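S.K.: These protein sequence lines are chains A and B, in that order. All residue numbers for the first sequence refer to this note's numbering, where the first residue is 1 and numbers rise by one. All residue numbers for the second sequence refer to this note's numbering, where the first residue is 1001 and numbers rise by one.
One or more of the hints may lead you astray.
[Said to hold, decoys possible] Over 10 Å on every C-beta distance to chain B, these chain A residues come out as not near it, computed from the model:
| no. | residue |
| --- | --- |
| 1 | T102 |
| 2 | R157 |
| 3 | L206 |
[Unchecked claim] Which chain B residues face chain A? A few, computed with CB under 10 Å, are given here:
| no. | residue |
| --- | --- |
| 4 | C1064 |
| 5 | I1078 |
| 6 | L1219 |
| 7 | R1260 |
| 8 | P1710 |
| 9 | W1762 |
Rather than coming from a laboratory, the hints here were simulated on the basis of the structure. What you are looking at is a predicted structure, and each value in this text was computed from that prediction instead of being measured. No residue lacks a Cβ here, since even glycine has one placed at the ideal position from N, Cα and C.
Here's the letter readout for the chains.
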Amino acid sequence: MLIDLAKCTACQACMVACESENNVPCVSPEEAGRRRIISWINLLPEIEGEYPRLTMRLAPVPCLHCDSPPCILVCPVKATSLSPEGFVRQTYARCIGCRYCTNGCPYTRRMFNWYKPEWPGEFAEALNPDVSVRPKGVVEKCTFCHHRLMKARDEARAANRPLAEGEYTPACVEVCPAGAMYFGDLEDPDSAVAQLGRHPRAFKLLEELGTKPKVTYLSEGEWSGGERKEA
Amino acid sequence: MSFQINRRDYLRLAAGGALGTATSGVTLKGISSFNAALASEEVRVPGGPENWSPSVCWLCPAGCGLKVRTIGTRAVKIQGNPLHPVSRGGLCPKALAGLQELNHPDRLRAPLKNTGTRKSPQWRQISWEEAVTTVAAKLRGLRGAGQAHGVVWIDGPERNLRSRLVRRFLSAYGSPNYLTMPSGRDAFQTAVYLQQGVDQPVAYDLENTRYLLSFGVNLLEGWGSPVSLMRVFGRWRDAASGRHTKFVQIEPRFSITAARADEWVSLRPGTEAALALGMAYVLITEGLYDAAFVRDRTFGFEDWKDAAGKAHQGFRSLVLSEYRLNDVSEMTGVPAETILRVAREFGHNRPALALGDHQTSTLPGAPYAAMAVHSLNALAGSIGVAGGVLVQPELPFHEEEASRKIPWPRVDETPEQIFPGHQLARLPQAIRSRKPYPVEAVLLHQANPVFSLPNGEAFRQALLETPFVASFSTFLDETAMLADVVLPAPTGLEQWQEAGSPPAFPFAVQSISPPVIAARHGARQAADVVLEIARFLGGPVAAALPFDNFEAYLRKSVEELFAAQTGAVFSTGLDETWNRLLERSGWWSPTYSNAEELWEQMKERGGWWEAGNLSGEWERAVRTPSRRFEFYSQTLERWTRAAGREAGDDRRFLPQQPALPKAAAGYPLLLLPMEVLPLAGGAGGHLPYLQQIAGPHVFATWDSWLEINPVTAHKLGIADGEKVWVESRRGRAQVRARLYAGARPEVVHLPLGYGHTAGSPWGCRGANPLALLEEQYDPLAGLPQTTGTHVKVYRS
Chain A
1 MLIDLAKCTA CQACMVACES ENNVPCVSPE EAGRRRIISW INLLPEIEGE
51 YPRLTMRLAP VPCLHCDSPP CILVCPVKAT SLSPEGFVRQ TYARCIGCRY
101 CTNGCPYTRR MFNWYKPEWP GEFAEALNPD VSVRPKGVVE KCTFCHHRLM
151 KARDEARAAN RPLAEGEYTP ACVEVCPAGA MYFGDLEDPD SAVAQLGRHP
201 RAFKLLEELG TKPKVTYLSE GEWSGGERKE A
Chain B
1001 MSFQINRRDY LRLAAGGALG TATSGVTLKG ISSFNAALAS EEVRVPGGPE
1051 NWSPSVCWLC PAGCGLKVRT IGTRAVKIQG NPLHPVSRGG LCPKALAGLQ
1101 ELNHPDRLRA PLKNTGTRKS PQWRQISWEE AVTTVAAKLR GLRGAGQAHG
1151 VVWIDGPERN LRSRLVRRFL SAYGSPNYLT MPSGRDAFQT AVYLQQGVDQ
1201 PVAYDLENTR YLLSFGVNLL EGWGSPVSLM RVFGRWRDAA SGRHTKFVQI
1251 EPRFSITAAR ADEWVSLRPG TEAALALGMA YVLITEGLYD AAFVRDRTFG
1301 FEDWKDAAGK AHQGFRSLVL SEYRLNDVSE MTGVPAETIL RVAREFGHNR
1351 PALALGDHQT STLPGAPYAA MAVHSLNALA GSIGVAGGVL VQPELPFHEE
1401 EASRKIPWPR VDETPEQIFP GHQLARLPQA IRSRKPYPVE AVLLHQANPV
1451 FSLPNGEAFR QALLETPFVA SFSTFLDETA MLADVVLPAP TGLEQWQEAG
1501 SPPAFPFAVQ SISPPVIAAR HGARQAADVV LEIARFLGGP VAAALPFDNF
1551 EAYLRKSVEE LFAAQTGAVF STGLDETWNR LLERSGWWSP TYSNAEELWE
1601 QMKERGGWWE AGNLSGEWER AVRTPSRRFE FYSQTLERWT RAAGREAGDD
1651 RRFLPQQPAL PKAAAGYPLL LLPMEVLPLA GGAGGHLPYL QQIAGPHVFA
1701 TWDSWLEINP VTAHKLGIAD GEKVWVESRR GRAQVRARLY AGARPEVVHL
1751 PLGYGHTAGS PWGCRGANPL ALLEEQYDPL AGLPQTTGTH VKVYRS
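Produce the complete structure using the sequences and hints provided.
M.R.: As structure tokens, this is what we get:
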């Protein structure tokens, strides 16, 4: 995945798209006040300076699906592992709720279910049948909408053809109104993510920790002074 | 049928992914159900076919295209319709939270009748038949008594065809009173009328603009059609084509729009007009304006003499004498170097655009200020050209002539104003004074003026005195609480949906979509109820509306669309480029050959639009008597004389910086309400998804927050997160303080959309800033002002 911070408008559509795709429950207002909101992708605000010299960066941060994820190292029961595609996956049935991984993740992208998920009134009718509901006491996280990959792969297999680029996109990327999020195969050097990943503005979050994240960001950049580059 | 687990499925589940197929009766269990100790969560998903159907978002006026996934009787996912020209597959968080509105536990379950008093209502569930008959019989009685003009319809979100249907009903019935909720953009629209003579909605070609000066317009926080704005923003910053558009945000608060802009210019609140005129000063003194445009296409730039030989001041000499750089810098608090640099950039990068139509109407004396901002567009020659200010193309539908001329004025007209307009905000006064005539019945459609207008309390009092009130509403909101009859309205997914061109969008668009799922709780589409009432009334009213239902009306409208022989059904970007090329060379090659085919294709793809040319229509863009853009508004001069007032000083017809509100003793801080995207338009507080993300920059959720500068807070002894009182001369409210460096030291901000007192308990949190505002109207057009109120803040 690649997120162009120059394009991002901080609208948070990715967050709501993720919550409704992945059956993420809303916590009570009181728990929300204790910052116990579960959101697999989050907007990370960073405000610097004093009025009127201010900067604010608002970066959407999903699980970065590191190649060398610290969360996997600390799990005592092998409830989290790297899939063959490179996703950091969570096996809820194995999770014992020790929360080592939530502490181990330097990006705080793992969330613990403190309560049984609740769907007041008829809210449960909007649940996505492709995704399971997580019980109390386990840790959950972004799956890059893995169920969508399985569906797309099944469809491609049924039609006896390889999976094409763009056939599988996570919900957050699909809905981004500014087109700030890109998704594709990093191993294909011609994919949009791989190409933009070589852009001079490309960087990764806390790369120095050696986590090797698979989510790349493009930094803000600047106005090019009115000159239009010929594409 | 229960879900059989084999080894392959188990592995899939263990991978943390999908569970089952969605086609037949599937038991959805938490994965933990394999672990007996944790087997508690279980959700039944009833069987049924899976479908993806197009729909139209109903949560703001933009009407973005949706694609809804349904399984049997359930809607399980909302995504963007990639063919829709406004949203192109993208969506904002509000649209995505739509399923929570559909499945909301606090929705009305049946029509209600108030059997108590207006002040302390007692609600009794009644049948639809009784509800419709009650309203229809009331209307028949009024019509019979010659009181038809005393019926008022207030529409919340204005739509195109539905609004036309209601207008047609009212004019056949005999009432001129089709009223809509006001928008902050009204002030700019007034300025456009005064300077361009155009009363159609303005639109902007933002995609082709190279320099954008936004005077407090919350471009990325719910303005216009939010999703198309975000799409344009993304295109400005495309990595491949280079960043050739600069976007400068001018406003007192460091909003998310300001943070995302290329540059933020902070200024003293309410001095936007002075800054615009200061920039005009730079453009004029340095010769950076479009001289040919100003010479050939404008009026009142140079000093001039009228027919009687009287000398008048021109825009140039006004700006040069009264808005000198240093004076403007002092007035606005913006460094002179910044004004100089930004104005030079604005002059050098064409097409350049200045936007002044903030949606939350944040300027006192707004029309004059809007004229100042709009004058920059004339200096840049950006009127009626690509990348500039355009007039929204009209949709090719016929507005039905009234079957008979209604001899009554609209009840909310503002005769005492110089600008002869209409203002919904004036309705309470009209009701209570019984002038120009008594209001006998108010019908509201998804409108909640008691909550969402600054004079909501006056509305409440006026509705208490109105003989009959009925509300079409999804929730029992503050205004519906004052009704005699409440008719449950369905959400957009449960009804025939349609939407015309979104606000500020430069192309003509007509979206249409059938219901995606059956209406919950027996809710009925208001348009269908109106048609039923028309049948009940019989005579000319029934004759004017010979449609069985809204679908039949839409079909007939699509026939008009077909007859216009223009535009195309929504399609992919590639097809559209091709269509545009063909149209430019005079070809029209539709994918349909009759109205029936057009109807079917619109239903399937979401709608029709006309991707026409953007520029070159000077006659449409400027319709003043002089056929020129008027720096000096002759229309305003004419209206002033018509109102029997002395014309006086020329400056009354030129753009100007309005007087600023003064802080009263004891109320040192200016309160500016703000709009946040998740609760844009002040709506959405009842949806948990939106409450969770309302204030990401200050970690605020589920509650109002008072943005206060840390230095100011320190002086007042207020800590971050502390509960404080905000008190104006009108009232006080308790909220949580958030120390935010982006607030000016002398200003505090409260978000709109909080503090409901009815509807859903989830919305009844925090404080409504409108309840603190003093009632103020601008003198020119009578527009309600929301920014002249000062407050004091203290610990509680």
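S.K.: At a threshold of 10 Å, is the proposed contact between L1219(B) and chain A supported by beta-carbon distances?
M.R.: Cβ of L1219(B) sits 9 Å from chain A, so the hint holds.
S.K.: Are all beta-carbon distances from L206(A) to chain B longer than 10 Å?
M.R.: holds (20 Å)
S.K.: Is the shortest C-beta separation between R1260(B) and chain A less than 10 Å?
M.R.: Holds, because the Cβ-Cβ distance from R1260(B) to chain A comes to roughly 6 Å (cut-off 10 Å).
S.K.: Next item in the hint list is W1762(B). Is there a CB on chain A closer than 10 Å to its CB?
M.R.: holds (8 Å)
S.K.: Far enough from chain B: is every CB of that chain over 10 Å from the CB of R157(A)?
M.R.: Non-interface label stands for R157(A): nearest chain B Cβ at 13 Å, farther than 10 Å.
S.K.: Against chain A, with CB atoms and a cut of 10 Å, does the hint on P1710(B) hold up?
M.R.: holds (8 Å)
S.K.: When you look at the beta carbon of T102(A), is every beta carbon of chain B farther off than 10 Å?
M.R.: holds (16 Å)
S.K.: At a threshold of 10 Å, is the proposed contact between I1078(B) and chain A supported by beta-carbon distances?
M.R.: Status holds, d = 7 Å.
S.K.: Interface hint check: C1064(B), Cβ to nearest Cβ on chain A, cutoff 10 Å. Holds or violated?
M.R.: Since the shortest Cβ distance to chain A is 9 Å, the answer is holds.
In this structure, none of the earlier numbered hints is contradicted; all agree with it.
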